[in-house]
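Q: Taking the hints into account, I'd like the entire structure generated from these sequences.
So you can see what is in the structure, the chains are spelled out below.
Number of protein chains: 2
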Amino acid sequence: MRVISERNIKLTIAYDGTAYHGWQRQTNAISVQEVLEEALSRICKEPITIYGAGRTDSGVHASGQVANFKTTARIPVDRIPYAINSVTPRDLVVHKAEEVDQSFHARYSAKGKVYVYRIYNAEFPSPFWRNFALHYPLHLDVSAMRKACEYLIGTHDFSSFRAAGSEVKTSVRTVKRLEITHKEELITIIAEADGFLYNMVRIIVGALLDVGSGKLQPDDVQKILLAKDRGIASPTAPSHGLTLLKVHYSEVD
Amino acid sequence: MRVISERNIKLTIAYDGTAYHGWQRQTNAISVQEVLEEALSRICKEPITIYGAGRTDSGVHASGQVANFKTTARIPVDRIPYAINSVTPRDLVVHKAEEVDQSFHARYSAKGKVYVYRIYNAEFPSPFWRNFALHYPLHLDVSAMRKACEYLIGTHDFSSFRAAGSEVKTSVRTVKRLEITHKEELITIIAEADGFLYNMVRIIVGALLDVGSGKLQPDDVQKILLAKDRGIASPTAPSHGLTLLKVHYSEVD
Chain F
1 MRVISERNIK
11 LTIAYDGTAY
21 HGWQRQTNAI
31 SVQEVLEEAL
41 SRICKEPITI
51 YGAGRTDSGV
61 HASGQVANFK
71 TTARIPVDRI
81 PYAINSVTPR
91 DLVVHKAEEV
101 DQSFHARYSA
111 KGKVYVYRIY
121 NAEFPSPFWR
131 NFALHYPLHL
141 DVSAMRKACE
151 YLIGTHDFSS
161 FRAAGSEVKT
171 SVRTVKRLEI
181 THKEELITII
191 AEADGFLYNM
201 VRIIVGALLD
211 VGSGKLQPDD
221 VQKILLAKDR
231 GIASPTAPSH
241 GLTLLKVHYS
251 EVD
Chain X
1 MRVISERNIK
11 LTIAYDGTAY
21 HGWQRQTNAI
31 SVQEVLEEAL
41 SRICKEPITI
51 YGAGRTDSGV
61 HASGQVANFK
71 TTARIPVDRI
81 PYAINSVTPR
91 DLVVHKAEEV
101 DQSFHARYSA
111 KGKVYVYRIY
121 NAEFPSPFWR
131 NFALHYPLHL
141 DVSAMRKACE
151 YLIGTHDFSS
161 FRAAGSEVKT
171 SVRTVKRLEI
181 THKEELITII
191 AEADGFLYNM
201 VRIIVGALLD
211 VGSGKLQPDD
221 VQKILLAKDR
231 GIASPTAPSH
241 GLTLLKVHYS
251 EVD
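Chains as they are written, first to last, in my numbering: chain F, 1 to 253; chain X, 1 to 253.
Just so you know, these hints were derived from the structure itself, not from any lab. Warning: the hint list may mix true and false statements.
For identical chains, the list gives no copy identity; a pair is met inside one copy or between any two copies.
As the list claims (entries may be wrong) - Here are the computed lysine-lysine pairs in the DSS-like style, where the Cα-Cα straight-line distance is at most 30 Å:
1) Lys176 x Lys228
2) Lys111 x Lys45
3) Lys96 x Lys147
4) Lys223 x Lys111
5) Lys45 x Lys215
6) Lys215 x Lys96
7) Lys70 x Lys215
8) Lys183 x Lys228
9) Lys246 x Lys183
10) Lys70 x Lys147
11) Lys223 x Lys147
12) Lys45 x Lys223
13) Lys45 x Lys183
14) Lys70 x Lys223
15) Lys223 x Lys96
None of these values were measured; they are calculated from a predicted model.
A: This is the structure:
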């Protein structure tokens with residue numbers, strides 16, 4: 001009996017999430033996972049299941065999503081992006097494929113993630129940013145928002161910034177970076193952590209918007225954090241401003 | 001008899017041109033002009049004709065298109081953007097309205113225009129730039145492209161860079177600026193002139209792409225210019241990389 005060796009393939013994927021109901025496969029709505037699995041099953045001529053690093057929500061984008069799948073198909077690894085991109089729509093692009101160790105799992109091997117949240121802060125919306133940034137027409141005090149960020153950086157119990165329904169053992173996470181840049185109309189919030197709870201970035205952004213608009217003081221964000229109660233935090237910011245930038249698999253990359 | 005005074009209103013408009021068959025009204029295809037005229041006719045309760053500064057082609061975008069129209073409607077000028085934006089799709093946004101002198105005409109009063117052409121230079125396309133930048137997967141020699149630009153700056157007869165079918169008295173134009181910046185995957189060509197012939201920016205970009213890819217030498221662009229013959233120039237670059245940035249109405253703005 002011949003043993004067919006199975007390869008473990010890591011993909012790096014970018015997508016405009018506007019037309020997708022998130023990463024995760026579901027009935028009656030198109031997902032990124034489904035589009036990729038159907039493309040890969042056609043290419044590999046066997047049923048393929050892929051595992052994504054971040055299960056992005058409906059409307060959330062990714063420029064550096066990572067996923068892996070196992071296959072016995074013999075297609076050269078460097079041809080995989082071309083093969084996938086030739087059958088997927090233009091809003092979803094695989095830009096890298098690598099053969100990795102059998103133990104690699106896009107989600108469980110991840111050591112950290114980087115997200116960006118964009119706010120288009122101008123009186124009128126931009127047709128170019130309409131799907132990629134939250135339009136916020138009122139003045140935002142960016143320096144107050146930066147002060148609020150300082151309370152969130154570090155290792156904390158982020159229960160107040162976790163959406164209901166998430167099932168994880170611990171709500172302690174280490175936020176390594178929470179930085180705001182402001183260039184012309186665009187306010188960009190970069191968030192990096194060893195992991196994020198469900199909707200954590202969008203709830204943090206909701207609180208930062210409340211600080212920027214003067215509804216909250218910067219140190220109110222610390223009070224919210226210490227309360228460990230989602231009920232007192234700000235509303236979740238809309239999904240379309242959020243993009244998954246990068247998934248880290250070592251402490252240094 | 002009471003004389004109803006007619007105001008002349010200048011609009012500044014941004015649009016994602018992907019879904020439009022250009023600026024100019026035409027039968028059987030949606031145009032920016034038609035969408036704006038229908039919105040304004042509803043708002044002003046009289047038939048409105050608008051005049052655009054640049055008649056952008058199908059797929060071309062604008063962040064600073066200018067148009068004007070005359071109306072007897074009494075709507076306060078600062079309410080006009082809100083009124084238009086409330087009835088137009090999200091890919092078209094009016095961000096300024098001003099009352100101007102009766103003699104102002106968006107096209108004939110223009111003293112200059114600035115366009116940007118974007119090239120996404122990477123092996124794989126970007127889902128985010130797919131409608132706003134030309135995907136060019138091969139290496140481009142940007143310094144050679146910059147050398148070629150030098151031959152085009154200044155006052156020249158641009159007959160070689162004019163699409164057939166354009167009816168203008170003279171093909172002499174003054175290119176004030178032709179600059180290339182390169183940041184990560186994005187190559188950005190800024191072109192400013194007192195006016196552009198039909199398809200002139202896209203034909204210039206076509207020549208610059210031929211220089212960047214090594215098909216032409218930088219000084220071949222001078223030969224093309226001096227030949228005053230569209231037949232020998234490079235192909236026209238695709239429309240979706242082009243955006244009208246700004247229209248100038250004085251020599252100094």
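Q: Each hint needs a verdict: does it hold in this structure or not?
A: Verification of the supplied hints:
1. Lys176 x Lys228: within (20 Å within a copy, 59 Å between copies)
2. Lys111 x Lys45: Neither way: Lys111 and Lys45 sit 32 Å apart in one copy and 61 Å across, limit 30 Å.
3. Lys96 x Lys147: The answer is neither: 38 Å in one copy and 34 Å across copies each exceed 30 Å.
4. Lys223 x Lys111: Cα proximity of Lys223 and Lys111: one copy only (28 Å, versus 57 Å across).
5. Lys45 x Lys215: Close neither inside one copy (56 Å) nor across copies (41 Å); limit 30 Å.
6. Lys215 x Lys96: For Lys215 and Lys96, only the inter-copy Cα distance (29 Å) is at most 30 Å; the intra-copy one is 44 Å.
7. Lys70 x Lys215: Close neither inside one copy (50 Å) nor across copies (43 Å); limit 30 Å.
8. Lys183 x Lys228: Classified as neither: same-chain Cα gap 33 Å, cross-chain 42 Å, threshold 30 Å.
9. Lys246 x Lys183: both (22 Å within a copy, 19 Å between copies)
10. Lys70 x Lys147: This pair counts as neither: shortest intra-copy Cα distance 45 Å, inter-copy 49 Å.
11. Lys223 x Lys147: within (14 Å within a copy, 59 Å between copies)
12. Lys45 x Lys223: Neither: 54 Å inside a chain and 54 Å across chains, both beyond 30 Å.
13. Lys45 x Lys183: neither (48 Å within a copy, 40 Å between copies)
14. Lys70 x Lys223: Neither, since 46 Å and 56 Å both go past 30 Å.
15. Lys223 x Lys96: Neither. Shortest intra-copy (43 Å) and inter-copy (41 Å) distances fail the 30 Å Cα cut-off.
Of the numbered hints stated above, those contradicted by the structure are hints 2, 3, 5, 7, 8, 10, 12, 13, 14, 15, listed in ascending order.
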